[in-house]
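K.L.:
Going line by line, the protein sequences match chains A and B.
Take 36 as the starting number for the first sequence in our numbering and just add one per residue.
Take 219 as the starting number for the second sequence in our numbering and just add one per residue.
The hints are simulated quantities; they were obtained by calculation from the structure and are not laboratory data.
We treat Cβ as the ideally placed atom computed from N, Cα and C, and that holds for glycine.
Don't take each hint at face value.
Take a look, some chain B residues computed to stay more than 12 Å from chain A by CB distance [as the list claims (entries may be wrong)]:
1. A228
2. G256
3. L309
4. D328
5. R349
6. Q355
7. E415
8. I456
9. D469
10. P485
11. I505
12. T517
Pairwise CB distance ranges, derived in the manner of DEER restraints [as the list claims (entries may be wrong)]:
13. A:N100 to B:A228: 43 to 49 Å
14. A:R248 to B:E242: 53 to 59 Å
15. B:A350 to A:G49: 46 to 52 Å
16. A:L126 to B:A350: 21 to 27 Å
17. B:T273 to A:S198: 29 to 35 Å
18. B:A228 to A:V90: 34 to 40 Å
19. A:N100 to B:T273: 45 to 51 Å
20. B:T273 to A:E153: 50 to 56 Å
21. A:G93 to B:M219: 31 to 37 Å
22. A:V90 to B:A294: 28 to 34 Å
23. A:P72 to B:G256: 36 to 42 Å
Under 7 Å between C-beta atoms, here's a sample of chain B residues computed to sit facing chain A [said to hold, decoys possible]:
24. R297
25. S311
26. F315
27. I324
28. G326
29. H414
30. A481
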Amino acid sequence: MSGWFANVDWSEIGQACLDTLAMLGGSLLLTLALGLPLGVLLFLTSPGQVWQNRVVSGGLALAVNLLRSVPFIILLIVMIPLTVLLAGTSLGVAGAIPPLVVGAAPFFARLVETALREVDRNTIEAVQAMGATTRDLVFRALLPEALPGILAGATVTAIALVSFTAMAGAVGAGGLGDLAIRFGYQRFQTDVMLVTVALLLVLVQLLQMAGDRLVRHFTRR
Amino acid sequence: MIHLENVHKAFANGHAALAGVDLEIARGEVFGIIGRSGAGKSTLVRLLNGLERPTAGKVEIDGIALDGLSGEGLRALRRRVGMIFQNFGLLGSRTIFDNVALPLRIAGADKARIAARVPELLARVGLADHRAKYPAQLSGGQKQRVGIARALATDPDILLCDEATSALDPETTRSILALLGDLNRELGLTIVLITHEMEVVRQVCDRVAVLHAGRVVEAGSVADVFLRPRAAETRALIDEDGEDARPLAFDGPLARLTLQGDAVLQPVLTRIARETGTDFVILDGRIGRLRDASFGQLTLGLSGGNTEAALAALRQHGEVAA
Ligand SMILES: Nc1ncnc2c1ncn2[C@@H]1O[C@H](COP(=O)(O)OP(=O)(O)O)[C@@H](O)[C@H]1O
Ligand SMILES: [Mg+2]
Chain A
36 MSGWFANVDW
46 SEIGQACLDT
56 LAMLGGSLLL
66 TLALGLPLGV
76 LLFLTSPGQV
86 WQNRVVSGGL
96 ALAVNLLRSV
106 PFIILLIVMI
116 PLTVLLAGTS
126 LGVAGAIPPL
136 VVGAAPFFAR
146 LVETALREVD
156 RNTIEAVQAM
166 GATTRDLVFR
176 ALLPEALPGI
186 LAGATVTAIA
196 LVSFTAMAGA
206 VGAGGLGDLA
216 IRFGYQRFQT
226 DVMLVTVALL
236 LVLVQLLQMA
246 GDRLVRHFTR
256 R
Chain B
219 MIHLENVHKA
229 FANGHAALAG
239 VDLEIARGEV
249 FGIIGRSGAG
259 KSTLVRLLNG
269 LERPTAGKVE
279 IDGIALDGLS
289 GEGLRALRRR
299 VGMIFQNFGL
309 LGSRTIFDNV
319 ALPLRIAGAD
329 KARIAARVPE
339 LLARVGLADH
349 RAKYPAQLSG
359 GQKQRVGIAR
369 ALATDPDILL
379 CDEATSALDP
389 ETTRSILALL
399 GDLNRELGLT
409 IVLITHEMEV
419 VRQVCDRVAV
429 LHAGRVVEAG
439 SVADVFLRPR
449 AAETRALIDE
459 DGEDARPLAF
469 DGPLARLTLQ
479 GDAVLQPVLT
489 RIARETGTDF
499 VILDGRIGRL
509 RDASFGQLTL
519 GLSGGNTEAA
529 LAALRQHGEV
539 AA
C-alpha cells in the first residue's frame, strides 16, 4: 500500500477532508437559507404571480444573472475585501464561505424559481380562491408542492459547491482541492491527485444518492 | 345574488376578453355559461371571486361590490365562494384529508373542527374511504369529488365550476353533475357552471347564458334557450351537439313540434293520425330531459288525410313551427 501511495500523508488528507466538509456544510447551509427566499421572491414577482412587479423582478434577475456569469475563480479574488469584512479573513475555511455562498445562492435561487414554476397553475388559483394570504400560499402550497424540485436543486447546488471548494483551495482555502493543486498538480505527485479526486468523487456520489433518496421520499406519484 | 353590469375586461396585451357583460344570477339556481373556447367564460367566472379584476363595469355579490374589496375583505368573500377546476388543482404533495382540510386551516379553524368537518365532507362526496390516499392514486372523477369537498369546506353560498367535467369521460361527467345537482337541492347552493358542452347545461342547469366573443348573445331558461334558440351562435352550439344537423328533404307540409312536460309521454302522433287520417314521417327528433323536465322536439312530414286538421290538433299538445 505505502509503495503505491508513497507521497500520500494520510493525516494531511484527513485534515483536508474535514476542511472540505466544513466549507461544504457551512456554505451549503447559508446558500440554502439565502437562496430559498430569493427564489421565492423571484417567482412571486414574476409576471402573472401575486406580487408581479417588473422592476423588482427585472432587477433581481439581473443581479442573479450577473453573479452567475462571473467565473467563480474571479469572484473569489474580487470578493477578498468583502470576505475579510464578513469573515475576518480571506484564508482558510472561514474565508472560503462568503465567496462560496455568493457564488452558489443565486444559482440555487434560480433552481428554486424553476421548481416553483412547475407547480400547477390551477393549484395556485385554487389556493388563492380559498382566501389564502400570500404567506399561506407560499408555506402551505407552493413550497410543499415544489419540495421534490427544490431538493433536487439543493443536490445540484451541493455538488456544484464541491467543485467550488476545490477551486477555493487554489487561493488558500485548504481542503481536498488545495491538496490536489499543491501536491498533485504543482509537484506532479500523481498518487496524491488520485486520492483526492477519489475522495471528491465519493463525496459527490454520496450527495447525489442522499439527494435522490430525499426527492423520492417526498414525491407522491 | 350575483349581479354583473356592463363588465369589460381587457388584458395587458390589449385583448378584450369581455366586452360589456350584463348578468343576473339568483340565489339557489344552477346557472350555466356556455360558449366556445376563447369566448371569455373563464375570465367571466374568475371575476366572481376576484381572481381577475374587470377593467370597467360592476361586479356585485349579495350587494357587495367586488372592486372595493382587497386584503381581508376579499379573502372573506372568497371563503363564501368555492371554486372547482378542469384540472382539479389539488395539492399532489398532500393527502386527500389534508387537501380538504386546507381551506379550513387557512380560515383558522381549530384541530377539533377540522377533525369533525373533513370526514363529513368526504362522506358527502362519497370518498370516506380515501382520506389517507394521495391525489395521484385517485381517478379523475374521484379527484373532482375531492375538489368539490374542498370547495365546500368553508360552507360557501356559491360554487364556481370552470369546465369542471371537461377532463372526464361521459359517465363520470354524469355522476359529477348529479352530485352538483344534489348539492344545489340539499344545500341551496348557488352554482355557476362554465362549459363548452351543451349536454352539461341540459343535464344540470336551470338557466343559461350563451357567451360569444366576450358578449352574452342569449340568456334564459334552459328550455327556452335549448328548444327555441334565437341567436345564431346558440343554434350552432346546439346543432353541433347532434350528429348531423342537415334536414332530410321531404315533399309535403312540414311541422316542427315541441313538447314539454306531460305531453311528451302522451301518444300524440298515433292518436292524431287515427283521427285525421294524416300519416307522420319523423325527419328529425330529440327526446330527453332538461334537468328534471322532459321534452320532445320532432320535425314531422305530413302525408295524406286532413293535414290542416292534423296541424291544429298538434298545436293543442305543443308548439308547432312550420
Ligand atoms: N392573462 C391573459 N392575458 C391575455 N389574454 C388572455 C389572458 N387570459 C385569457 N386571455 C384571452 O382572453 C380570451 C378569453 O379567454 P378565456 O376566458 O380563458 O376563454 P374560455 O374560458 O371561454 O375559453 C381568449 O382569447 C384568451 O386567449
Ligand atoms: Mg376556459
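K.L.:
Evaluate each hint against the coordinates.
P.N.:
For each hint, the structure was consulted:
1. A228: For A228 of chain B, whose nearest Cβ neighbour in chain A is about 16 Å away, the distance exceeds 12 Å, so it holds.
2. G256: The claim holds: G256 of chain B sits with its nearest Cβ about 17 Å from chain A, beyond 12 Å.
3. L309: 6 Å, violated
4. D328: Answer for D328 of chain B: holds, closest chain A Cβ roughly 16 Å.
5. R349: Holds: least Cβ distance 15 Å, greater than 12 Å.
6. Q355: Label violated. Min Cβ-Cβ 9 Å, cutoff 12 Å.
7. E415: 19 Å, holds
8. I456: Given that every Cβ of chain A is farther than 12 Å from that of I456 of chain B, nearest at about 29 Å, it holds.
9. D469: 55 Å, holds
10. P485: 50 Å, holds
11. I505: I505 of chain B is indeed farther than 12 Å from all Cβ atoms of chain A, at 37 Å.
12. T517: 42 Å, holds
13. A:N100 to B:A228: 43 to 49 Å: 33 Å, violated
14. A:R248 to B:E242: 53 to 59 Å: Given about 57 Å between the Cβ atoms, the range holds.
15. B:A350 to A:G49: 46 to 52 Å: 48 Å, holds
16. A:L126 to B:A350: 21 to 27 Å: Check failed, 54 Å falls outside 21 to 27 Å.
17. B:T273 to A:S198: 29 to 35 Å: 52 Å, violated
18. B:A228 to A:V90: 34 to 40 Å: About 23 Å separates the Cβ atoms of A228 of chain B and V90 of chain A, which means 34 to 40 Å is violated.
19. A:N100 to B:T273: 45 to 51 Å: 34 Å, violated
20. B:T273 to A:E153: 50 to 56 Å: Since T273 of chain B and E153 of chain A have Cβ atoms about 31 Å apart, the given range 50 to 56 Å is violated.
21. A:G93 to B:M219: 31 to 37 Å: At roughly 43 Å between Cβ atoms, M219 of chain B and G93 of chain A fall outside 31 to 37 Å, so the hint is violated.
22. A:V90 to B:A294: 28 to 34 Å: Check passed, 31 Å falls within 28 to 34 Å.
23. A:P72 to B:G256: 36 to 42 Å: Once the Cβ atoms are compared, 38 Å apart, the range 36 to 42 Å for G256 of chain B and P72 of chain A holds.
24. R297: Holds - the Cβ of R297 of chain B comes within 7 Å of chain A, reaching about 4 Å at its closest.
25. S311: 5 Å, holds
26. F315: 13 Å, violated
27. I324: With a minimum Cβ separation of about 5 Å from chain A (threshold 7 Å), the hint on I324 of chain B holds.
28. G326: 10 Å, violated
29. H414: 17 Å, violated
30. A481: Violated, about 43 Å.
Hint check: violations occur at hints 3, 6, 13, 16, 17, 18, 19, 20, 21, 26, 28, 29 and 30; the rest are consistent with the structure.
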